[in-house]
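Please build the complex by placing chain A on the supplied structure of chain U, with the hints as guidance.
Chains as they are written, first to last, in this note's numbering: chain U, 15 to 772; chain A, 15 to 772.
Mixed in with the good hints, there may be bad ones.
Since the list gives no way to pick one copy over another, a pair counts as held whenever it fits inside one copy or between any two copies.
Said to hold, decoys possible - Here are the simulated lysine-lysine pairs, DSS-like style, with alpha carbons at most 27 Å apart:
(1) K34 x K217
(2) K28 x K42
(3) K28 x K217
(4) K34 x K75
(5) K767 x K166
(6) K137 x K699
(7) K619 x K565
(8) K217 x K550
(9) K75 x K28
(10) K217 x K18
(11) K28 x K137
(12) K565 x K620
(13) K217 x K42
(14) K619 x K559
(15) K443 x K34
(16) K197 x K642
(17) K197 x K42
(18) K441 x K642
(19) K193 x K217
(20) K183 x K403
Hints in this document: simulated from the structure, not taken from any laboratory.
Number of protein chains: 2
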Amino acid sequence: MIGKSVPRVDAYEKVTGRAKFTEDLLPKRCLVAKVLHATIGNGIVKSIDTSEAEIMEGVVKVVTFHDVPDHCYPTPGHPWSVELAHQDVADRNLLTGRVRYYGDDIAAVVAEDEIIASRALKKIKVEYEEYPVEIHPRKSMYGSKPPIHFDKKDNVLARSNYFIGDVDKGMEEAETVVKGTYKTPIVQHCHIENPISYAYMEKGRIVVVTSTQIPHIVRRVIGQALGIPWGNVRVIKPYIGGGFGNKQDVLYEPLNAFLTTQVGGRPVKLDISREETFCNTRTRHAIEFDLAAGVDKEGKLIAKDMHSYSNQGAYASHGHAIAANGLTSWRLQYACPNIRGEAYTIYTNTPVGGAMRGYGIPQVCFAIECFMDDVAEAIHMDPLEFRRKNLIEGYYEDRYLKPIAANTNGIFECLKKGAEYIHWDEKRKKYAKQTGAVRRGVGMALFSYKTGVWPISLEIAGARLSLNQDGSVQLQLGATEIGQGADTVFSQMVAETLHTDMAHVHIQTVQDTDVSPFDTGAYASRQSFVTGTAVKHCAEILRDKILAYAKTLLPEIDTRELSLRDNWIWADEEQVISLAALAEESYYSLTNSSVLTAEVSEQVKKNTIATGCCFAEVEVDIKLGKIKILHIINVHDSGKLLNPQLAEMQVHGGMSMGMGYGISEQLILDEKTGRPLNGNLLDYKLMTMLDTPDIKAGFVEMDDPMGPYGNKALGEPPAIPSAPAIRNAVLHATGVAFNENPLTPQRLIDGFKKAGLI
Amino acid sequence: MIGKSVPRVDAYEKVTGRAKFTEDLLPKRCLVAKVLHATIGNGIVKSIDTSEAEIMEGVVKVVTFHDVPDHCYPTPGHPWSVELAHQDVADRNLLTGRVRYYGDDIAAVVAEDEIIASRALKKIKVEYEEYPVEIHPRKSMYGSKPPIHFDKKDNVLARSNYFIGDVDKGMEEAETVVKGTYKTPIVQHCHIENPISYAYMEKGRIVVVTSTQIPHIVRRVIGQALGIPWGNVRVIKPYIGGGFGNKQDVLYEPLNAFLTTQVGGRPVKLDISREETFCNTRTRHAIEFDLAAGVDKEGKLIAKDMHSYSNQGAYASHGHAIAANGLTSWRLQYACPNIRGEAYTIYTNTPVGGAMRGYGIPQVCFAIECFMDDVAEAIHMDPLEFRRKNLIEGYYEDRYLKPIAANTNGIFECLKKGAEYIHWDEKRKKYAKQTGAVRRGVGMALFSYKTGVWPISLEIAGARLSLNQDGSVQLQLGATEIGQGADTVFSQMVAETLHTDMAHVHIQTVQDTDVSPFDTGAYASRQSFVTGTAVKHCAEILRDKILAYAKTLLPEIDTRELSLRDNWIWADEEQVISLAALAEESYYSLTNSSVLTAEVSEQVKKNTIATGCCFAEVEVDIKLGKIKILHIINVHDSGKLLNPQLAEMQVHGGMSMGMGYGISEQLILDEKTGRPLNGNLLDYKLMTMLDTPDIKAGFVEMDDPMGPYGNKALGEPPAIPSAPAIRNAVLHATGVAFNENPLTPQRLIDGFKKAGLI
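Bound-form chain U, shown alone (with noise of 0.2 Å):
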């Protein structure tokens, strides 16, 4: 079954639109909530009056920040840790009088129904004081008064960095040093489905149904935000609409958890629009980055140099682990004896940077592979040549947390399959000299990613297998279905260990808490390979038990070694008992019944990187400043694929993302209050299917010895070198490097100003 394009399991569902998303499942009565936003951007709540609020018919409950526990709690879908040291950053109250950014939540309100609630909020009055408001992180990071949290007077929520050989000697030893600035824009997720939660009180406990990645982490962090003992939280998930890492936080949960306990365990409904989602969830973190690299007399890397400069927004969420991941892919991949990171992240007055699919590489990839293009271009070089020969091939693994290593290395012949669909060499020959208004260009990128989070983070999964009476299986597990098919593939891992077909495979959708096997959830790239690893030790275990079970009701199998094969037991190669009639016997034999179940809980200590590359030909419209893709391929190697057309599908979603990261995606602040001035899906300009070319997928397959079935990542990595393969041929067209994405008309055209062709 691994290996074959099964269709996916939810496809009847959510084609015929019978799959139940968090909306569809809301309780008759259902109360609703609104949260109200400060309308500054840094400053206090002096005085709040609620009392208008409060007497309007319909309204059931209203509470400030004056109301809510006043402990702080963390949000990052984070395994938590024992360890101090490893615990995420607590800087969030549920509701603040002390404003971090343009619409931070300083109040809430329960009512009947959306429009009594959103007049509701209307009739609160609201009094503050001001402070100014800093939304870059280059100034932000010397300080302000007062600081953004706690007594950090320079507004760094973190710093990390290392150094490798001798960068300055490196680079004074270099032929050549070349420096940049590279600039990544805060963008959205996007996902379809907004978050929305809903919560009810049942047998004393608070139960909380809700559009998320992680729902034993969303329990979690309830438990903290409240002050709860967690066991006294269940969490439900459902179908979601995308997530993108967003729903990597703990958004409004805990609120929606705290409002039921307000209105005596009443349901309440808290979701919110798409303006909030852009304004008030979480976003992908802007980050600076100074490069600097010196190179041989042939072309190769010696000296590596990286300062980057994360912009957290009010709140640190995921904080500094994404760009400390940025940090630790400078020293992969690339061979160079001599290397220094830095990186810092710093606290803005602006929306709450987030975990988005990639995690910080889409950022520092764009930064990295524009300046790789840039080195190759000083030393005049073909940028594919200087990529090769600076690469590793085959094993290397990081200096610092061995077990993340590149334990198969297809990158050299995803390079190949790339140049070749792109039409490399011809193409860079033939656009080398171009003038007119309209110019194409071809250009390329790559990247590494590493598949889980170990060792920087717990890896553990569970699941649980139950043998039904007619021989099919029931799986449960933590992990969840985020529209990525892993609901697909897990069944397919099962079917591959037991040896049987997917009709024989039915899995639990639903995550709950209360009964579902513990896993971290949808994050990272990791579920195909960290919750694969535990679904395959779990199917082991039943196919063992079924075994077991047979040999007991087959006494006369003695010296036979048997198996399980299509639904049979096999003794060598006779046919012995069915599937179906051994689990039949299992459930209701006098003498000897017991329902075959295996359960595991496994923490997996091992990681894989994965790798791939973007080439993109372009066509450049001077004077509109306008971009026409007209080829782009991503080739990766993922490992072993376990579904080729749902692993294709996963990478037209991520190069989209990718193209929209490069071309049209970011969300505009304003100067002077943080507030976001396109946080809608008219102005803000995602993808649509007219801005998308053709796009295509091609793969290096390679088993991965550490992935269970072979598999290596690839959730998120196809995200990842779109932006800067065009960037890349928009330079290769027109000579003119641009250093911050998205490349807009209007930055286009400046670029362009600037460099004189128009």
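Just chain A, lined up with the frame of chain U:
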């Protein structure tokens, strides 16, 4: 925690109306199904015309018996068997054109709402060919043309018999031989919530949410009824409003499952009215008993003979199991060297007999215990003394089914308590020679009852426990809370074995066959005994895993013995780590994390007999034919009481049912058609609070070695002895022996007239 009257875990939910029952969970835009019932008592459908119904606006689908799968399936809530001989009788189709009783199901309508569905039913035109109706088993057993089922020319579903010693010789040698015929009526469970279910399709499978006692069995029977793999069915059981055995049968769930497949998997509700519940679900079998006994000079039983005739009604359902259960009890408890027993179960054209609290024992107990009084009277002996003389003291076991044994036997203690409470000796004398229209009497009856169904049938139970981060546990069972307090006592069991408190045990109330461990469900009086055994074992496994994990955290603890008490791990008498800290470590340790869970699926090959008695004092108004119960007590030996308050409530409820069985409840059928004449809660005289005297529950607690916590049956026993105790009190008061219950005014008047009292 065992033995404490902790509050019900669902008390708050139920008192506040927040507990979710099936009706509360209906999905939006749920279609409504209604069933067309035959209006003849026996015959065939010659033609059925649905065309007018089909064209009605809002009618989505009409199906008739022509449209359903034509293989038969069994309905009773028994564990399945892999042996053909032990499988239940399969004699039912989803709909039928062969009408076997008034109200048989011949067609169904699915419509947009209830009103349209009801109107559509009236538009269906049916022509019948009628056969003679037979509602009396002792006539039906001589056959009908055509037979009611199959080729059973005698309409006898089953017959069983046994011989112990030589009954004829015993009768010959007896000083006195007494004979009597006793009859019990058809009664109904009258649970508050009528059967209700809804069904829909999900990923090609059928989901049925239903008010049932036996979700895992419903799953299997739907599979059998529709002829689909059982794994393709998912059954979910929310809170239910009582069952008492009626919901230990698979009722309309298979039809409901079928109907959703006929409307493309859209959700379809099928709930039925109170009238349908009386007529079309299940009832308690009416049974007639011909009894004879020979006693020697000392008043010792030396021969006993029973021939019983059970009215099965039109379909097999639980079938002969009920009559056979009664037959078994004839050879238990009272010592007698020569015993004969014979039981017939006979099809008739009446509503179907099924499981009901006590499963045949209320019937046979009425017969036996009336008979014991009649024998005592015949030999001029005090009936209590007569019983004491003949009862077995201490251990006894069933001759044929040895694991069924009174491993502890508190009957003499129970009798002592009951007699003291009712002032037996004093009042037997005081009321001996009364005259006048209003007379008083005291009577009593006793019983024995086996706890589970082993070895007659399979006993298997599953349990899963998972340790939360805060040291609390999640408990999952396939066993069901049906109002009896199961969730509470299971939680107590876990708290007891893990030595924690109730707040640390979170039980999963809803059973879902996709995820709940396999358990056959709530019937017999099995759950606290059979499931309790699994729960205890599961908790012991988890405790051992916790202690083993503690050892890995505390390498310095070498020789000291670890134990788990009060949410701490103790090394000898020192508290070394809290359970919460250990649990958090088990989730999040970077070196050794594995969430601690335990699961068992356990066949339970043991059984044990509970016992008890009822003593009643009544006042009989001879002219009005009215019985007033002055005092009544049940005294039970049910082993160790798990929760004394819940036990008392269980006894109160059972006594209410027993008193109704004694004096007011009966389903009256029309002689010509078999149609229920009083199948509603107005005309069917259920006991109300106004009819109910102060009732008293007494207990004799003996730790039973078979019970996981010393416990024995208490679910059904309370319903058994009250009816004959009241009848015997009336006999004492008036000298008139009524051999048929209930003792309604009309029956009393008739009896007193016949006896010359009026």
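At most 27 Å between alpha carbons: which applies to K217 and K18, within, between, both or neither?
between (45 Å within a copy, 19 Å between copies)
First find the shortest C-alpha distance between K137 and K699 inside one copy, then the shortest across copies, and answer within, between, both or neither for a cut-off of 27 Å.
Close neither inside one copy (34 Å) nor across copies (58 Å); limit 27 Å.
Can you give me the call for K193 and K217, within, between, both or neither, at a CA distance of at most 27 Å?
neither (62 Å within a copy, 56 Å between copies)
Go through the copies and call it for K443 and K34: within, between, both or neither, with a Cα cutoff of 27 Å.
neither (54 Å within a copy, 71 Å between copies)
Up to 27 Å between alpha-carbons, please classify K565 paired with K620: within, between, both or neither.
between (35 Å within a copy, 25 Å between copies)
One pair to classify: K34 and K75, alpha carbons no more than 27 Å apart. Within, between, both, or neither?
between (29 Å within a copy, 24 Å between copies)
Have a look at K441 and K642 and pick one of within, between, both or neither, based on CA distance no larger than 27 Å.
within (16 Å within a copy, 105 Å between copies)
How do K217 and K550 come out at 27 Å by Cα distance, when the copy is not named: within, between, both, or neither?
Between copies only: 23 Å across, 36 Å inside.
Reference check for the pair K619 and K559, CA-CA at most 27 Å: within, between, both, or neither?
both (26 Å within a copy, 22 Å between copies)
Indicate which option fits the pair K217, K42 if close means a Cα-Cα distance not exceeding 27 Å: within, between, both or neither.
Answer is both: 19 Å inside a copy and 25 Å across each meet the 27 Å cutoff.
K75 and K28: within-copy, between-copy, both or neither at 27 Å Cα
Between copies, since 25 Å is at most 27 Å while 36 Å is not.
Is it within, between, both or neither when you check K767 against K166 at 27 Å Cα-Cα?
Neither way: K767 and K166 sit 42 Å apart in one copy and 100 Å across, limit 27 Å.
This entry does not satisfy hints 5, 6, 11, 15, 17 and 19, going by the numbered hints stated previously.
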